[in-house]
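Bring the two chains, given one by one in their own frames, into a single complex with the hints.
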Amino acid sequence: MKIAMKVNSHQVEIDVNGMKRLLDVLREDLRLTGTKEGCGEGECGACSVIIDGRVINSCLVPVCQMQEATITTVEGIAKDGRLDPLQQAFLLFGGAQCGICTPGMLIAARALLDINPNPTTEEIRESIAGNLCRCTGYTKIIEAIEHAANSTSDRSI
Amino acid sequence: MTATEITHSPKTLAETYALLADRHENCRIIAGGTDLMVLHNAQMLQSTEYIDIWGLDELRGVTDETDWIRIGALTTYSELINSPVIRRAIPPLVEASKTIGAVQIQNRGTIGGNIVNASPAGDTLPVLAVFDAEIELGSGRGRRLVDFNQFYTAYRETVLEPDELLLAVRVAKLREGESSFFYKAGTRRAQAISKVVIAARASLKNHVIESIKIALGSVAATVIRARITEGLLLNSSLSNELIEEARRTISMEIMPITDVRSTEHYRRTVTANLLAKFLRQLI
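Chains A and B, in that order, give the protein sequences.
Using the numbering used here, the first residue of the first sequence is number 1, and each one after it goes up by one.
Using the numbering used here, the first residue of the second sequence is number 1, and each one after it goes up by one.
Looking at chain B on its own, in the form it has when it is part of the complex (with noise of 0.2 Å):
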């Protein structure tokens, strides 16, 4: 906090486009700021001006576009929970929401500010993974999107460009007939980082797994798609044997470290116990 700090508050996507265009690296973008407020306080930010989006009103909402749910980078987590579309169409951004911080983050935490934050932490992401998201960016330059699954390239790092900004992130609804699960293994239920944190969709036809995509957070370097044991569960019958075999399959193809938050150990065998706990309830 020294007098330097130099704010920007655009009203317009313009304005703020012009402001990214002239962007030098010590220039930050701050939403509803539940991340980057607690650097800032802690003076572990380097940044001496700040893009403050907050007020970029056409970044709000929750739009229902038939084949996707579009949802603007500005929601926040209250809105998640208490938007009717989004508890229909995705229930588990609904839950993951619910299991962020408590009421105070939740009023000011931003989907967009998840996504970006890039933390393997990042609560919605595994849900964002297994409902097909795209993210939608914008520059001077025009717009583009980006597959929610290509987005992240490393740990906290992203395909986003210096000049760009979040504007929404686009998902696909849950379909007739289709599960879904969602489960954050933290230390207590409100504010708490979680260990692990899983999210999965399936479909069943004569307890054959039709579809199925399983996705996980705080057990790889960024939020993960469980690729091969996606593999080995779909087009099979479901079993306790296919679903030991799963427990084995998913517990080896993560790649957890041992943190201040949980070991490693502690993270393989909660994921297998979590996919086991969906997988039963499947049957």
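Bound conformation, chain A alone (with noise of 0.2 Å):
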């Protein structure tokens, strides 16, 4: 079937299986391979994206479903070739250490901001609960979040 919808700010369009998941459409027929699979039954949050606005898990959406709908993915998030706070403070504060969780970690965490910017620790902690890191390097990605919210506000002031 063929569906249309926007993909980090590009209308694309594309004829495919309905039942093809969205990240597998993302990783081979867009060639975004930012987006991974990690356990492909929505536990791990490494294939995460935005969706209209809500985090969801690639791996459990069919794109038959992703027809007109607005997509960001973890190379959308960057502005004219800057990164975006984000990623900026991952790097400051070693939030990635072996990088597969690091996407989707980018992507919870950005759903987030969008619609709270200043979180509590808490919010922070339970915004990356479906995000799994098997380096277990929790406390760098949450302070790397609560650096980028900060830095983001202190500039909206």
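Keep in mind the hints are simulated off the structure, nothing from the lab.
Warning: the hint list may mix true and false statements.
Unchecked claim - In silico DSS-like cross-links for lysine-lysine, where the CA-CA straight-line distance does not exceed 25 Å:
1) K2(A) <-> K79(A)
2) K11(B) <-> K6(A)
3) K2(A) <-> K11(B)
4) K277(B) <-> K173(B)
5) K205(B) <-> K277(B)
6) K173(B) <-> K205(B)
To be verified - Footprint (simulated), chain B over chain A, 3 or more residues, beta carbon under 8 Å:
7) 27–37
8) 45–57
9) 92–98
Unchecked claim - If you want the ones that stay clear, here's a sample from chain A, every Cβ over 10 Å from chain B, calculated:
10) S9
11) P119
12) S127
13) Y138
14) E146
15) S151
Idealized CB from N, CA, C, for every residue including glycine.
Rendered as structure tokens:
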């Protein structure tokens, strides 16, 4: 079936099996391999993307439901060649170790800050409860998200 | 994931009913996909055809209908958590929704999916069982209401006919002076399937239990009401002795099994402890 959707501000049209996972469409048809597959069953969050403002697991979404959707992947959060404040903070605080969970963590954190620019530590922890880091480097990830939130909200003041 | 899969994305109920009327046994309905896609990804489904109802906006949302809250089948857990009406009228439904998966799942999983997936571990189901829920089903033949406590007939089986679609669930509101309780015992707070899940509501007058409803998940083949224990407690004066008797009664009333998530013994013990926790809060 034909699907028209907006991915990282680009309008795309593809003709695929409607039950193909959004994850596979992103990685195989659109070559956006920043989105990772971990478990393939909605447990690990590595495949997180933002659809119409909400973070979801792209391994559990059949692409037939993406008609006219607006999707943001990790490739789409840097703007005009400048890293997202979250990406800068992950670099600064060592928020990435092996890296497999990092795109999902960045996306989950981006979705949080988009609706709640000044989250508490508890809210940050809850927002990444669906993202597993097998290096268990959660402390640095949480610090990075806190720093990004603070630096962004400072700038907006 | 074969190339021969057919998907339909109807935009109206009438279109959906027409598709369901001609449905064969390898045709499945898909909504938020948080259960179905797991099986699909593992190639555990025989299905060759899918009816995608995610676009049926008329099945979304929460309406306050004075005596009832009507919740559309496609209402997501996130929408329940953020609904001021649900927070006020059915607080345990908010608590239950918060324990399901994490935000990624809460943004996609629907209350209708939780109901028709018919897992004995469905976390909203004990809440629906104690809040006098009624299930609204529709098909080309018309609409009908089914008492939630009559909806499940056996393990993962329901009264839903092949041409029927779950449209909504109607749920009673917490009454003035009534207390409610929800607790899910899982391995961790997020992303865990329950070992025991309990919901209850009760009201007291002069230490006497005037009304009480208790429901449990993951301790029998379907979600169950603890009717023997309810009978023991109803019209009784709440005391430590009564709580001890209720613990013994409920641990014998349930029919848990030992499986990958927990043991029968653990489930009986935890169920009794959680009931006691609720009853002590009422004293």
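Each hint tested on the structure:
{"no.": "1", "hint": "K2(A) <-> K79(A)", "verdict": "29 Å, violated"}
{"no.": "2", "hint": "K11(B) <-> K6(A)", "verdict": "21 Å, holds"}
{"no.": "3", "hint": "K2(A) <-> K11(B)", "verdict": "16 Å, holds"}
{"no.": "4", "hint": "K277(B) <-> K173(B)", "verdict": "23 Å, holds"}
{"no.": "5", "hint": "K205(B) <-> K277(B)", "verdict": "19 Å, holds"}
{"no.": "6", "hint": "K173(B) <-> K205(B)", "verdict": "20 Å, holds"}
{"no.": "7", "hint": "27–37", "verdict": "violated (count 0)"}
{"no.": "8", "hint": "45–57", "verdict": "holds (count 6)"}
{"no.": "9", "hint": "92–98", "verdict": "violated (count 0)"}
{"no.": "10", "hint": "S9", "verdict": "21 Å, holds"}
{"no.": "11", "hint": "P119", "verdict": "12 Å, holds"}
{"no.": "12", "hint": "S127", "verdict": "6 Å, violated"}
{"no.": "13", "hint": "Y138", "verdict": "13 Å, holds"}
{"no.": "14", "hint": "E146", "verdict": "18 Å, holds"}
{"no.": "15", "hint": "S151", "verdict": "23 Å, holds"}
When each numbered hint is compared with the structure, violations occur for hints 1, 7, 9 and 12.
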